[in-house]
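Chemist: One-letter residues, chain by chain:
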Amino acid sequence: MSEANGQESAQPLLEVRDLRVSVAADPEIEIVRGVDLTVRPGEVHALMGPNGSGKSTLANAIAGSPEYAVDGGEVHFQGEDITESTADARARMGMFLSFQYPTPIPGVTMVNLLRMAMKARSGEEPPAREFLGQLREVLQTLRIEEDFARRYVNDGFSGGEKKRAEILQLGMLKPQLAILDETDSGLDVDALRTVAEGVNALHNPKMGILLITHYQRILNYITPDFVHVLVDGRIVRSGGADLAHRIEADGYDPILQELGEPAGAAT
Amino acid sequence: MTTDAGTTTDRYAEAAVIAAADGRGEPGWLRDRRAEAARAFDATPLPTRALRPWRYTDVTGLDFGAFAPTAAALSIDASVPDGAYTGTIRDALGAHEALLRDGLGSLTPATEGKFQAANAALWDDGVLVHAPARTVFEEPVLAELDVPEGDAAVFPRVLVVAGEQAEVTVVLRLRSTDAPLLAAGVVEIEAAQAARVRLLIDDRWGADTQDYTTVRARLGRDADLQVASLAIGGRVIKQTVEVTLEGEGANSAIRAVALGDEDQHFDFVTLQDHTGPRTTSDVEVKAALAGASRSIYYGITRVGEDAAGAEANQQNRNLLLSNSSKADSDPVLEILTADVIRCGHGATVGPVDEEALFYLQSRGLDRRTSLQLLVSGFFQTVLRDIRLDGVAEELEETVFAKLARAEL
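First to last, the sequence lines map onto chains A and B. The C-terminal residue of the first sequence carries number 267 in the working numbering, and the numbering is unbroken. The C-terminal residue of the second sequence carries number 408 in the working numbering, and the numbering is unbroken.
Because the hints were derived from the structure by calculation, they are not lab data. Keep in mind that a hint or two might mislead.
Stated by the list, open to error - Below 35 angstroms or equal to it, Euclidean Cα-Cα: the simulated DSBU-like pairs (lysine-lysine) are:
id, chain 1, residue 1, chain 2, residue 2
1, B, K326, A, K119
2, A, K119, B, K114
3, A, K119, A, K174
4, A, K174, B, K402
5, B, K326, B, K402
As the list claims (entries may be wrong) - Chain A regions said to be covered by chain B (calculated; three or more residues, Cβ under 8 angstroms):
id, stretch
6, 83-89
7, 100-107
8, 114-122
9, 176-188
None of the values given here were measured: they were computed from a predicted structure. A virtual CB, placed ideally from N, CA and C, is assigned to each residue, including glycine.
With the hints as constraints, model all of the structure from the sequences given.
Modeler: Following this line, the structure appears as C-alpha cells:
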C-alpha cells in the first residue's frame, strides 16, 4: 500500500486530460474517446477493461508511440505538456513502458541496450562497476540467470522471459512512471508471482505505476490504490481495489449491462 | 620499376608489364604469364550491363589509363607454425616456387575478364599463406595493404593453400586515401580435405576508391570455408565470391555487410557451386543504406548432378535508411539433381522495423541512436563464425561513427 494515499496535494506525475486517440494509419477509427487520468508519485493505478476497450492504445499513446495519433486532449508528465513529445524524450524524462509484446532486437545484447538507455537518461555512461552491481541485484530480484543479460534483446525469448526482461529494464532505468501493459499476459502462476514480486520490490514512493490488465489475478500480488475500468475508449468506473475483486467475481458483463452495452460482446 | 613506360595507358601494355617483371627480377614462367595476361587484358573488353552479374554496375566508361599501377605498402603480421609459410609472394619465389606456379591463377585465369587480366599482369606483390597438412595457425594472419597515393591502381593478390586438416584465418585489411583509386584484387583459396579456412575482408577504403575483387575457392572433402566481408568505405565495391564445393561434405559460408551513404555503390556476386555430394553452403549478404547509396546482390546456388544430398541457403537483407537509397536482389537457384535436402533463398528490401525503433526510443534513445544500434545489431551476424579479438567492437564503432553523419 502506498503512503501517497491521501496526499492529494502532491504534484501529479501524469495527468491525462480528455485524451482522444486514433490509429495513425486509420484516423477514422477513434479508439480512446476522452480519457481523464491522474497518477501521483507512489500510486498504483490499475486500468482494466474488456479486450478491445482501448487499454493498450492508451498506454502506447501515453508513451508516445508513433503508431497512434492524438486527436484531442493533453498529456502532462511531471508538470510538462508532453502531448507532442517524442517517445525518447518522454523516456528520458522518466517514463517507462513495459510492452505487451516486446520487440526482438537481434544483434543487440540486453547489457548493451541498458548501458545506452542509462546513458541517454543521465547523459553519461554508467560506471562499469556500479552498472554491473546494479544489474546483478536486479537479476537476483527477478530470479534471472546472469548470462541472460548477454543475450540479444527479446530474440528467441519465451513469453515469460520477455516479460522478465521488461521488468529488468524497469529496475535498471528506475523511471518515475512505469506503464505496465499486460505484463501478466502469457505468464504461468510461478512466473506471474516472480514478475509481480519484482515490480513490488522495485516500486518506491516516488514511482507511479499504471498497470494495464485484463484479469484481476496480477492484482493479487500488486495491490492497486485505484482501479479504473475502460470500456469503448472511456473510463466508465473508478474505485479502489474492491472494484477489481467485483470484476473477478462477476466479469465485465454487469458493468456493460448497466451501460446498456450488449453483455458478452466483449470479453 | 620502369620510368620510361610513357603514358599511363602504356603501363598496361605487354612491353611495360614485361619490363616491370624484369625490374623485379621475376622468374621466366611468371614473366611469361604476366605477358600473356597483358595480352588478355588488351584483347578483353570491359564487361557490359548485358552480362547478368554486371546488370546494375556500369563500368563501360572506366578508363584504366587514368589510374597508374602502383606498388602499395603491404605488411603481413603472423605467427607462423613450423613448416608453414606466410609472407609476400615475392619472398616466396625461391623456396615455394612450385606452389606458386601451381596455385597462382589456378582458380582465376587471367583470360577470365578485364579485371582479372589486369591483376594477373600487374600485381606488384601479394600474400602467400601456406598451411601444410595438419598445420594449425593459432593466430590469425593479418595482411594490410595501404595505398597512400591517389590516381593509382592497385592489384591485391592473395593465395591461400591449406593442406589436409590444416586451419588458418586470414584477415585482409585494405586502406586508401580519399583520392581516386582503382583496386582489382584476386584471392584464391585451395582447401584440401578437412581443412578449415577463414577469410575476413575488412575494407577501409577511402571515399573515392573503386574496388573490383574476385575471391575464388575450391573445397576438398569435408573442407570448411568461411568468408566474411565488411564493406564500409569506397565509392564502388564490386565483390565476387565463388566457391566450388567439390569434395563430399564440404561446407562454405559467405557473409557480407555493406553500410552505404551518399552515392556509395555495393555490388555483391556469389556463386555456390555444389559439385560434390552432401555439400552445404550458406550465404548471408546484408546492406544498410543511407543517403543515395545502393546495394545489389546477385547470387547463384548451383547444385550439380553429382551433388546428391546437398543443402544450401542464401539470404539477402537490405535496410533502407533513407528515401533515396535503393537495393536490388537477385538470388538464383540452379538445381540439376532431384536429391536435394534443402535449398532455400530469400531476399528482403525495406525500411527499418518501426516497432523496433519505437521500442528503443521508448528506452530513451533518440531516433538516430536507435538506428545506429539497430544497424549495428543487424550486422553482428556477419562475424558469427569468425571470432577475432576486437573486430565486433570495431565494427560497432564504425557503424556508429558513419551513421552519426549519414543522411537518414
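Chemist: Hints first: check each against the structure and report whether it holds.
Modeler: Outcome of the hint check:
| no. | hint | result |
| --- | --- | --- |
| 1 | B:K326 with A:K119 | holds (33 angstroms) |
| 2 | A:K119 with B:K114 | violated (52 angstroms) |
| 3 | A:K119 with A:K174 | holds (13 angstroms) |
| 4 | A:K174 with B:K402 | holds (32 angstroms) |
| 5 | B:K326 with B:K402 | holds (18 angstroms) |
| 6 | 83-89 | holds (count 3) |
| 7 | 100-107 | holds (count 6) |
| 8 | 114-122 | holds (count 4) |
| 9 | 176-188 | violated (count 0) |
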